[in-house]
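Protein chains: 2
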Amino acid sequence: MGYDDRRLEVAQAAWRVIIREGLDRTSMRAIAQELGSSTGVVTHYFRDKEELILFALEQVVETTLKSMRFCAETRQGIDRLEHMIFAALPLQESDRADWKVWMAFLGYSIGREHLIQQHQKRYTHIRQILYQELADLQAAKLIRADLDLTLEANSLIALVDGIATGVVICPEQFSAEQQQYLVHQHIHALQTLP
Amino acid sequence: MGYDDRRLEVAQAAWRVIIREGLDRTSMRAIAQELGSSTGVVTHYFRDKEELILFALEQVVETTLKSMRFCAETRQGIDRLEHMIFAALPLQESDRADWKVWMAFLGYSIGREHLIQQHQKRYTHIRQILYQELADLQAAKLIRADLDLTLEANSLIALVDGIATGVVICPEQFSAEQQQYLVHQHIHALQTLP
DNA sequence: ATTACATCATAACAGTTGTTATGCTTCTAA
DNA sequence: TTAGAAGCATAACAACTGTTATGATGTAAT
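Order-wise, the sequence lines are chains R and U.
Here the first sequence stands for residues 1 to 194, where the numbers follow this note's numbering.
Here the second sequence stands for residues 1 to 194, where the numbers follow this note's numbering.
The set of hints was computed from the structure by calculation and includes no laboratory data.
Check each hint, because a few of them may be wrong.
If you want a taste of the chain R side facing chain U, the calculated C-beta under 10 Å gives, among others [what the hints assert, rightly or not]: (1) Ile19; (2) Phe105; (3) Ala189.
As the structure is a computational prediction, the values presented were derived from the model and not from experiment.
Cβ coordinates follow ideal geometry from the N, Cα and C atoms, glycine included.
Could you build the full structure based on these sequences and the hints that come with them?
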């Protein structure tokens with residue numbers, strides 16, 4: 001097992017502790033214990049706690065983006081955008097964990113300007129991805145021509161954020177079908193006339 | 001100045017520290033310092049830290065609900081629902097602070113089941129309020145008859161949550177007009193035909 | 001075989017945390 | 001006037017924090 005693999009194991013241990021105990025109670029010792037090792041392992045693979053924490057978050061973001069890209073590969077048109085959004089939602093119970101980590105980080109970033117700025121970059125990145133999708137749809141005349149695409153991209157992000165928040169807090173209020181229905185309604189409102 | 005007033009002052013000091021430093025760095029000593037006093041004041045008005053923290057959050061929730069009720073008083077129909085939603089949004093820069101506290105708490109609740117349950121109750125409360133508004137609109141035939149009102153209430157909550165998250169992270173991406181536009185689009189989609 | 005490095009354990013460090021106890025005022029009611 | 005409570009300050013407590021240093025392994029290259 002290589003260096004990067006072991007590093008990932010440490011991050012995944014941190015990931016589990018964050019979900020189970022909360023981000024502010026995710027101490028070096030708790031991570032080491034979750035890993036079944038000592039803190040020496042943790043400090044060996046990560047310069048400090050922040051580097052470890054941010055790496056764990058980056059894994060969550062990357063897997064989600066990869067899932068979105070995978071869903072986009074085989075599809076075209078409105079259906080393609082719709083399934084990209086679906087890929088980001090916590091449709092299955094197992095998807096909720098990643099969103100818990102994400103929300104823990106959002107709250108943890110309040111009062112920490114440099115973490116807020118990192119989130120801004122992530123939002124900008126996903127916004128550009130969605131903007132490109134919307135622009136392609138608009139060029140193909142599949143959605144209305146009078147749309148502010150940046151605003152609509154932000155609206156899609158807000159839609160996903162809002163649904164995911166609802167799922168994490170009240171899972172019984174958002175079945176997979178209901179989540180998909182809300183996204184479907186939202187997206188198909190883009191292609192009808194003003 | 002009465003007991004309750006002083007108690008509120010302590011909570012407001014905590015409120016300011018949460019926004020400035022983050023929830024996990026909001027210590028008893030930091031709150032006391034923000035208040036210009038000693039920790040003796042804090043412990044005198046609150047049994048422990050959790051009671052203080054939760055009281056501060058409750059103030060945020062109450063002021064928002066009060067603002068929504070106030071906007072509802074003078075209006076009727078679709079316009080009434082729309083302005084209730086507006087009242088919950090961070091339209092002004094000064095409104096962002098309350099949402100920062102809210103988001104800090106959401107993240108802080110990850111891994112703390114009893115805090116999640118408290119959030120569930122809050123969501124249930126606001127959902128019932130919105131459900132009643134939607135039911136009234138449906139009875140007056142102002143919105144479609146085939147809507148699942150519970151789902152639509154959850155959708156409205158998700159809309160506000162998502163927009164507010166976007167505002168806290170990327171304020172420059174959501175002007176007051178854009179926020180209102182998104183809510184307007186969402187709500188007016190309820191009254192057209194399927 | 002010896003050197004060097006990667007991996008990990010252990011322990012100590014100084015700082016911060018929530019909580020509690022104690023005591024000092026100031027005010028109020030008997 | 002006096003007893004007592006309210007309001008607040010101070011200090012101490014043990015527990016926990018991230019970080020760092022040190023040393024013990026094993027492994028691979030010279």
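Results for each hint:
1. For Ile19(R), the shortest C-beta to C-beta distance to chain U is roughly 6 Å, which falls under 10 Å, so the interface hint holds.
2. Interface hint status for Phe105(R): upheld, as the beta-carbon distance to the closest one in chain U is roughly 7 Å, under 10 Å.
3. For Ala189(R), the interface hint holds, the least distance from its beta-carbon to any beta-carbon of chain U being 6 Å, beneath 10 Å.
Violated hints for the displayed structure: none, as all numbered hints are satisfied.
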